[in-house]
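Asker: Here is what each chain is made of, one letter per residue.
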Amino acid sequence: MIVADKKPMEEIIEQIRSYQNVLILGCNECVTVCEAGGKKEVGILASALRMYFLNNGKDMRIDEVTLERQCDHEYLEEIRDRIDRYDAVVSLACGVGVQFMAEKYLSKPVYPGVNTCFLGVTEKRGLWTERCQACGQCILAYTAGICPVSRCAKRLLNGPCGGSTKGACEIGKDVDCAWQLIVDRLKALNRLDDYEKLFSIKDWSTDRAGGPRKVVREDVQI
Amino acid sequence: MRLNYPSSIRIIRVPCTGKVDVIHILRAFEKGADGVYAVGCMEGDCHFTSGNFRARKRVEQAKKILDGVGVGGERVRMFNLSSAEGPRFAEYAREMDQQIRDLGPNPIKLALKQAA
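Those protein sequence lines, which keep their order, are chains A and B. Just so you know, we're using this note's numbering here: the first sequence kicks off at 1 and counts up by one. Just so you know, we're using this note's numbering here: the second sequence kicks off at 1 and counts up by one.
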């Protein structure tokens, strides 16, 4: 899922200070799971903002809506009938949702309510870690299901660098060396021969290096 | 025991303090409560293992938010006692009542009155 983190409330306050009617718009998907922008967080933020502005003598209307998703037309359409009531929107969706919201409602200022961080997993409640960088050409088949692109600080493709020490990366003792993990798992799978295979230079054109990306699937287009 | 505790306190029963969420605490202040305190079981004695620890964390979160919005985090507290400690329940109630009286009314309540 896409992992996001809460933005400091002071930052959001500064952004919406000049408006009168503001909509706090949550998303039921990834940001709900990582407890940054779901219905619950929308409620907490909206309540806190209402109290802040009331306490500072500003009569401000702050409403709450949480959509199923903010990255699909049909769900964003659900607020079309009421969007004119608001001067601005604070979207607690990931950066994708914020942008799609901005694209669909051109004249409505949209502010991000979270910092979008990475594609990752919930290791345990309150701990999310990165697993994928969406490089566009998955090599997990050859690396025992552990991604050196996202988990090696140098994105190395042919074994660890000299900074790998006792299974940890040189950037921090609490960061696993991706290649140590890969070798350990290849061993467990009895596939250590795969480690001998050399990767040729990776084509990074499907990564961000090739500019904004798109997936076109004519077979599913109507 | 027929113990007395301040009449300013309104009890909201929950199955476990683990049910108490940040939003419940914030809503209470938004509606004009002067203070909120959660009374959970003794730490380590939660029937649901960790409900009172969850509540403590949420009380801490609420404190931070209330400090940020200018209501004051000191208006929220968490107490722990066993269900057999009636006298202590009354004692905590008096303590909280006094603490809130010292702090004065919730500024949101005053702002709401002014806006009305």
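Just so you know, the hints here were simulated from the structure itself, not pulled from any lab data. Do not rely on the hints blindly, as some may be mistaken.
[Unchecked claim] Incomplete in silico selection of chain B near chain A, CB under 7 Å: (1) I23; (2) V71; (3) E74.
[Unchecked claim] Within a straight-line C-alpha distance of at most 25 Å, the following computed DMTMM-like cross-link-like pairs (lysine to aspartate or glutamate) qualify: (4) A/K124 / B/D45; (5) B/K109 / A/E74; (6) B/K31 / A/D63; (7) A/K6 / A/E64; (8) A/K7 / B/D45; (9) B/K63 / A/D63; (10) A/K40 / B/D97; (11) B/K113 / A/D59; (12) A/K58 / B/E85; (13) B/K109 / A/E10; (14) A/K108 / A/E77; (15) A/K39 / A/E74; (16) A/K124 / B/E60; (17) A/K124 / B/D102; (18) B/K19 / B/E60; (19) B/K64 / A/E77; (20) B/K64 / A/D63.
Beta carbons: idealized from backbone N, C-alpha and C, even for Gly.
Asker: Look at each hint and say if it fits the structure.
Answerer: Now the hints, each set against the structure:
1. I23: holds (5 Å)
2. V71: With a minimum Cβ separation of about 6 Å from chain A (threshold 7 Å), the hint on B/V71 holds.
3. E74: violated (15 Å)
4. A/K124 / B/D45: Within the cut-off at roughly 24 Å; holds.
5. B/K109 / A/E74: violated (40 Å)
6. B/K31 / A/D63: holds (16 Å)
7. A/K6 / A/E64: holds (17 Å)
8. A/K7 / B/D45: violated (35 Å)
9. B/K63 / A/D63: holds (23 Å)
10. A/K40 / B/D97: violated (29 Å)
11. B/K113 / A/D59: holds (12 Å)
12. A/K58 / B/E85: Violated: A/K58 and B/E85 sit about 45 Å apart, past 25 Å.
13. B/K109 / A/E10: holds (22 Å)
14. A/K108 / A/E77: Distance of about 14 Å is within 25 Å: holds.
15. A/K39 / A/E74: Roughly 19 Å separates the two Cα atoms, so the pair holds.
16. A/K124 / B/E60: Status holds; Cα separation ~21 Å.
17. A/K124 / B/D102: Judged against 25 Å, a Cα distance of about 41 Å means the pair is violated.
18. B/K19 / B/E60: Holds, at roughly 15 Å.
19. B/K64 / A/E77: Not OK: B/K64 and A/E77 at ~35 Å, beyond 25 Å, violated.
20. B/K64 / A/D63: The hint holds at about 22 Å.
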